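S.K.: Please take these sequences and the hints and turn them into a complete structure.
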Amino acid sequence: MHNASPRASAPVAFAAPPGAGPDPVTITAGQFITCTLDAAEYGIDIMAVREIRGWAATTAIPHAPPWIRGVINLRGIIVPILDLRARFGMPLTVPTQMHVVVIIQTGTRTAGLLVDAVSDIVSVAPEEIRPVPEIGASVPERLLCGLVPLERGMVALVSLESLLTFDEEALAASADASALHS
Amino acid sequence: MSFDHLRATYFEECAELLESAYAQLAALAQGREDADTVHALFRAIHSIKGGGGAFGFGRLVGLAHAMETLLDLLRDGTIAFTPELVTLMLRGTDALADLLAAERDGAAAPPGLEAELTEAFLAAAAGTGAPASPAAAPPAAAAACDTGWRLRFRPHPAMFRNANEPLLLVRELRRLGPVTVAADASRLPPLERLEAEDAYIAWTFELTEPAPRDKVEEVFEFVIDDCELEIEPLAAESPVDLVPASPSDIVAPSGERPPPTRPPAEAASPVRAEAAAPSVRVDVSKIDRLVNLVGELVINQAMLLQHASILPADLCPGLINGLETLAQHSRELQEGVMAIRTQPVKSVFARMPRLVRELSAQLGKDVRLVITGEATEIDKTVVEQLADPLTHLLRNALDHGIETPDAREAAGKPRQGTVHLGAEQRSGRIVIELSDDGRGIDRARVLARARERGLVAADAALSEAEIDELIFLPSFSTAATVSAVSGRGVGMDVVRRNIQALGGRITLESRFGQGSRFVLSLPLTLAVLDGLVVAVGSEAYIVPISAIVESLRPHVEDIHAVPGRGNVLALRGAYIPLLPLHARFGVPGAVTDPSCGIVVIVETDHAGRLGLMVDELVGQQQVVVKSIEANYGQIGGVGGATILGDGRVALILDIPGLGAGVPPTTTRTIQPQPALQ
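So the sequences go chain by chain: A and B. Counting with our numbering, you get residues 11 to 192 for the letters of the first sequence. Counting with our numbering, you get residues -15 to 661 for the letters of the second sequence.
It is worth saying that the hints were derived from the structure and are not from the lab. Careful: at least some of the hints might be erroneous.
[To be verified] Label pairs and their computed distance ranges (CB to CB):
1) A:G163 with B:T365: 44 to 54 Å
2) B:L(-10) with A:R85: 33 to 43 Å
3) A:L157 with B:L295: 47 to 57 Å
4) B:P94 with A:R85: 49 to 59 Å
[Said to hold, decoys possible] Partial selection, computed: residues in chain A whose CB lies under 10 Å from chain B:
5) L47
6) A49
7) A67
8) T68
9) T69
10) P72
11) V89
12) T120
13) L174
Only a predicted model underlies this, so the values are computations on that prediction, with no experimental measurement involved. Glycine included, every Cβ here is placed at the ideal spot set by N, Cα and C.
M.R.: Next comes the structure, spelled out in structure tokens:
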């Protein structure tokens, strides 16, 4: 089951050493796994990816923001699953068996990202990375750390550090914010 | 293995050796002096000295050597143990511990720390030698030999494995005078049968210079356990004459009547095997990984059993039987692995006598510490985190509790105060008690102090128990003068927090004028707990069994609504507030009518009893506690998570956290997770 990605078009063989993660401030160029949310492509540092698995039911967490889909048992470790679409301010994903969860690790934290599919692995040189425009972004600030134009379209690089920084304050603030919206 | 690594290992070993030394000294102080105890003490000090020499800790070696000199006389019976000598040994061991700590931390130990002690040891060794017991004179005379010594030396393979080199010993021996060496290669096998790691060659050394016997013995002191060594005066034509002279003629610790052919070191080895139970040093993270894996195995096995139960029973009876055996084995395996994590509380209790000794001297009080139940085992993590709270409680007992000898006499008590530290296992929990026969808590003064600090309203009437609770408040101290020992008021609240962080409780009983008693109740382990699985809507939660008082299906007429406070349940004359879990956690689709569900009554530390409203009880099981904080964060009312038999995660309720509650307006509804088709 593990490492099985139903719609991955690229070979899936990730064995990032434990503790390996992207630099928190400056994103280093290198290889990125791209995953899709609807038509948009997002890049995740391949060094942070531990495995890719199919969606499975989660256990809900009380008082969590809606983009926390709950926790799963990853071989004895309790891992929270983030709905990447909802985290980026879009509606909740309605997961099916075709959806995949990308397990990432930064520093000591492990989490799963619920995405529609994993599509490719791209190599990115530093000079290819463009800054994220400040205005008009539908994605909450700081969650993206760069844009990469490709022939087939654009890949937005996800800042995993900010994505996985959800301490109590951030959770409370996010819960409040989403409470205001609803 | 790097040098730093070796150093770290040495300090780790020294911690154990010191512990052993303290344990032997405690036995000696209680008058239980036998050869084994003294030998064990000698070995501990000797090993500390040996390693210390290798790392060049000169001061440490000097002190340990002086202690060893005295112990050597004690173990061959030249001197008898007296309470004064035990005290001296304790002080010496304390100083060794200090010197070791200084070396470990790279700090300079206070100068002169050990000088006085070293002299005291040497004086005790020298002073008591001749006049105290005339029997000591013959060995002393025998020790001075005016011709020289013949040494028969046969190393064991262990000596080489411990990286000792005979050549160095010979060089060392040469410093005492001219040495002739004869090698005995008679045991050397033919080349094809030669084992590279065995020891075949023996030597006879003749030292043709009069030298003190102890100087000769000193050359071999680090290898004495790993070789056969006979020392006899060179002139002696018939060694038999020498035998009655003294047991110390043979260097082996337990040598009684040593014929020249007997291997003394081997005779000593059974004693050693008995004294030190064989043990391995294992990194805790390795054990934790094992605990995790075994937990996974148990879950996996439960899953297999669940799948197999779908099959018709007569399809494959062997499979079901096999799975049941597997279940039993994996449970036993789990228990076994959990037991590795436990440790006797001795390791933390053993530090307390020294604290009492030093503090009572500092405070001018006479205090006896009685320790019981030190073999009680508890999770290693708990043991480690007990040291600080216990130290604090003990300091408090000595500083505030026990009076000065004069004050005690005036109060009609014995001049010596008694502090009792005990541990025992009581129904799945470890109970640690610390009691003293001191002055107890002066409630009037505590209350006055609390009022003065504005912690209590001036007109509030408090019960005795409530007044006792005040001392657990942050920044509360009644010590008239703030002393260096305690009384900074940063104590009891921290102690309580530490104990609570371990899943424990601390309570206090006190009688003014008669003493105080602190009772710490702690879980056996943090890794596993007995839980009741309850269902709320589509979710399952675990209620720790230790908190449950009872569970019942309430009658409609027993449920009363209290405006603004929700429902209460009338139960045997008491009103218990009801906490609907579905509302607290925002679970949709749960039973909302209390009389249709089950109420689980739990005991909280502060809020008294609380009735948790759940849909139904699913079952009782032992669950492995997993951290939810590591990858997510703290959740109010949730203490951790576990994995159920079907592989799903269930949250474990944190009862004190639930009692605290959150305003219902901020609770959010859990998003229903669509099930897979």
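S.K.: Could you check the structure against the hints above and give me the numbers of any it violates, in ascending order?
M.R.: 5 and 6
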